[in-house]
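Colleague: This is what each chain is made of:
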Amino acid sequence: MRGLALFRKLTLTLVMGVIAAAMLFPIAVTFTNSLMTEDEIGYNYHLIGKMADIGAGEKDGFINLKLLPDWISFRQYAEVLVHKPKFLHMFWNSVFLVVPIIAGQVLVASLAAYAFAKLRFWGREKLFVVYLMTMLMPFQVTLVPNYMIADKLGLMNSNSAIILPGIFSAFGVFMLRQFMAHIPYLYIEAAKMDGAGHLRIFYRVIVPLVKPGIAALVVLLFADNWNMVEQPLIFLEEAMKQPLSLYLSRINEGARGVAFAASVVYMAPMVMLFLYAESYLVEGIQLSGIKG
Amino acid sequence: MIARACFGKAGRLLRKDGAAASLFLAPSLTGFAVFYIIPFAMGFVYSFQDSTIGGSFVGLHNYEALQASASFRKAAVNSLMFTGVCVPLLIVLSLWLAHVLNQKLFIRNWLQSAFVLPLAVPVASVVMIWQILFDWNGILNEWLNSFHVERMDWMKSDWSIGVLAVVYIWKNIGYNMVLFLAGLQSIPKDYYETADIEGAGKFHKWIHITLVYLTPTMFFVVLMSIINSFKVFRETYLIAGDYPHDRIYMLQHFMNNMFLSLDIQKLTAAAVLMVACILLFVSVMLVIERRFRSFMD
Amino acid sequence: MEWKLNEQMVTGRQRKLRLAASFFILLMILFTLFSNTLLALTTPKAVLTVPSRGELVHHFTGSGIVNRKAEAALTNPAGWKATKVTVKKGDHVTKGQSLVTYDKQDAEQQILDEQANLKKLKLSNEEQKSNYIEAAQSGDEQSMKSAKRALDIGAIDVDMQERRIQRLQNDLHENSELLAPFDGVVTEVNAAEGLPSSGSPDIRISNTSLGFESEFLVPADSAVQLKIGDKLKVQVKGDEGLTVEGQVEQIQDGDSGLQGSTDPGGGAAVNVPMKKLQVALHDNALKGGESVKVELTQMTDDMILVPNQAIRDEGGKKYVYGVEEQDGPLGNTFYVRKIFITAADSNESVTAVSEGLFEQQEVILESSEPLREGDKIRIH
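Chains A, E and B, in that order, give the protein sequences. Residues -7 to 284 (this note's numbering) are what the first sequence spells out, left to right. Residues 166 to 462 (this note's numbering) are what the second sequence spells out, left to right. Residues 52 to 431 (this note's numbering) are what the third sequence spells out, left to right.
In short, the hints are calculated from the structure, not lab data. By construction, the Cβ of each residue, glycine as well, lies at the ideal position given by its N, Cα and C atoms. All clues given are correct.
Computed Cβ-Cβ distance ranges for the label pairs, DEER-style:
hint	chain 1	residue 1	chain 2	residue 2	range
1	B	Arg388	A	Val7	52 to 58 Å
2	E	Leu451	A	Val10	35 to 41 Å
3	A	Lys42	B	Phe74	39 to 45 Å
4	E	Trp308	A	Phe66	28 to 34 Å
5	A	Asn149	B	Ala72	29 to 35 Å
6	A	Arg196	B	Ile80	31 to 37 Å
7	E	Val449	A	Ile40	42 to 48 Å
Go ahead and model the full structure; you've got the sequences and the hints to work with.
Modeller: And the structure:
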């Protein structure tokens, strides 16, 4: 019986391992390929997007996907970090877009989430549904009016046109409300007994309790905004203001030789943040599972 | 301080605290109104007008024009199909994965990290890998070729939506799985023990205990999955550009292109229709959730 | 309860990640701050130029001095001391005008001496005559013959002496004064009062009626297209803006001269064959003696012109470094590409390229480091 259980465990682990490997495959390939020289990349991947002209006697080949580089070389990184000052410029563009959004949204959303989760007021449920709705709306739905408002507020071609809507997006409110809703009223009541006001309750009781939730929100917001494509495409006409996400999407067209290293540098902060906060992501949700 | 002044020493739990709520909500609500509510209201009004500036009311004309647009119908069907098929598929797969990972396994934490990691990978940085895989000369074709299957240009065929589904599931399965895993682990073990004693079958237990107690999680997961299914537009845009193959021409493409061609009327009308669908869906979700809640209590 | 557990988990992995993240951020900041410096260290900077289409113009300058066309150098052949110089440089003189008078005392003295000699000869002649008569009377045949011979020689001597005196008197008449041979302008005065004339002509005088001329030494290449009779613009140095027209009168082979000083690109000066141009100048503003120069321009056909600096040489094959631009979302990258060209012609600053380049194709003019094919460069 125990042998059977062990066998089952082993097989399941193996199956899961294979699936996990498949999931990690694109990331791993990106990383290993970032250590190739430009020449090797060019040689391996020159067939991307090409179709043989059969009439001209050409024959189709296959892309030569290589997992390991012939020579480990940091040329790509040198290229990206030293020879292309624009890359670093874009990198900081991304940082200066994402960090204010996250900081702003965590602050604004946690306050609002507290109101939705723990305060009773008229129209609470309906207002929350409105938040929920806008959270589901794709960016394009409010594209035109947003554009006009940004124009009216003089935000066009400035980071604020992206940061401000980012700060006030409904997602943070929704998510933190989910976490806060599960905090027992007992805690709040106890604090009130001690004579604490709402601000103090919020600051002293709620925030420490939803820390994992906030951490999870930060990760999700970072993942979302580090990736943004639509907003800068519309609101930032000036190429020098655009974030890395847009630029990386274009790097694939031309300079394929440095795309992998650029990608690795680009995903590094996100991956590090994720690995750092992963336990919060998981544990935070588990906390929310405790029924209040 | 203000809150204390308002509520005194012995604030009762269930009393109305509208004043405090308005203070807590004020920052969020202001911005939310300016950047979401007002724009949507404006969009709503525009959808019934013939021009954004000084336009006159034209009734449902814009909607009729939209209805007549083949590209809109195509986009709507594609979006609906994608969300309608991929979201349930994603949920089923992630639930399955959560179940498996909920058992005793070796290197469980590592596996879990591996599944969630794609969430942290920016779309733009793996676009090239997708190209390498699904290109005409790509790895998938090479692989199929060894089985003597004709090669095809995946992103330019009816299969493109499948490719998109793979990318979508790849990216989102991990987080959903973690959410489900958390949900599963929060179900008290004694419920199952009780059910065992009552001699309930595996399937019965799953429906009546697991699924029921997963409902709050499910609610969250479904919402997240839908949001993310709309966000797959990014991947599509990055892989295939402004005008992708017919099968992956989404509502967002349509709206984007309407915006670029300055056809604001069609755009706002499409937006209003989309929001109407979302409203319908959210209402249904809320009704279901409420019912399950009352059932659980 | 569970979140308290989390606090303790902030060890191990998280600490490492914190370290890694700080390192990463630091690295990014460092690269941001120093990437320009690093870039400057690792990639050469290049200055580009765009070749233009045009005619290649050869510029040559030749300088010379304006001279009167007909000029006479007047010298006192006797080398006498000048007693009086009546003209200065630049004076207009008319034909026959006295220019310099010379000290004729010596000559007169000489004439007197010679006349005294003549007298002496005549006296001795008298004596020989009486000797002859004596001999004839004595009838001595022998002595009579010798007396006759001495008498004849004496007569010849007297004739010679008379002719000499005559010549001296002529000389005296001619050399005592320097006269203008024609209407003209005094261009040079070397005679100085109280001094005998030195080797150089005492007076130089040019004929005003025939105009001026000048000689220029120019590279033979530039003169290829010149014919006798061609008109040239001649610039007068110093006198700003004065250009006079000249006409080529004569083209002769000249000494080969060194050219190269006008070539800003340096390089060894090369021996080039030169031509001597004689150009007639007609202009009343000229006075003679001015320094003048001619600029010769030689045009070639319409061709692509590249600055000489950009032209490089490899075993006799000429090439330029072009730039290949690779568009990238992160800014364009520039690579050096060697382009072989056929140089049709060149002057001191540009080279006309007949093959290999097209108009508006940028080429590298200069770079901060020596370049090689395929090198990455920064464009300044």
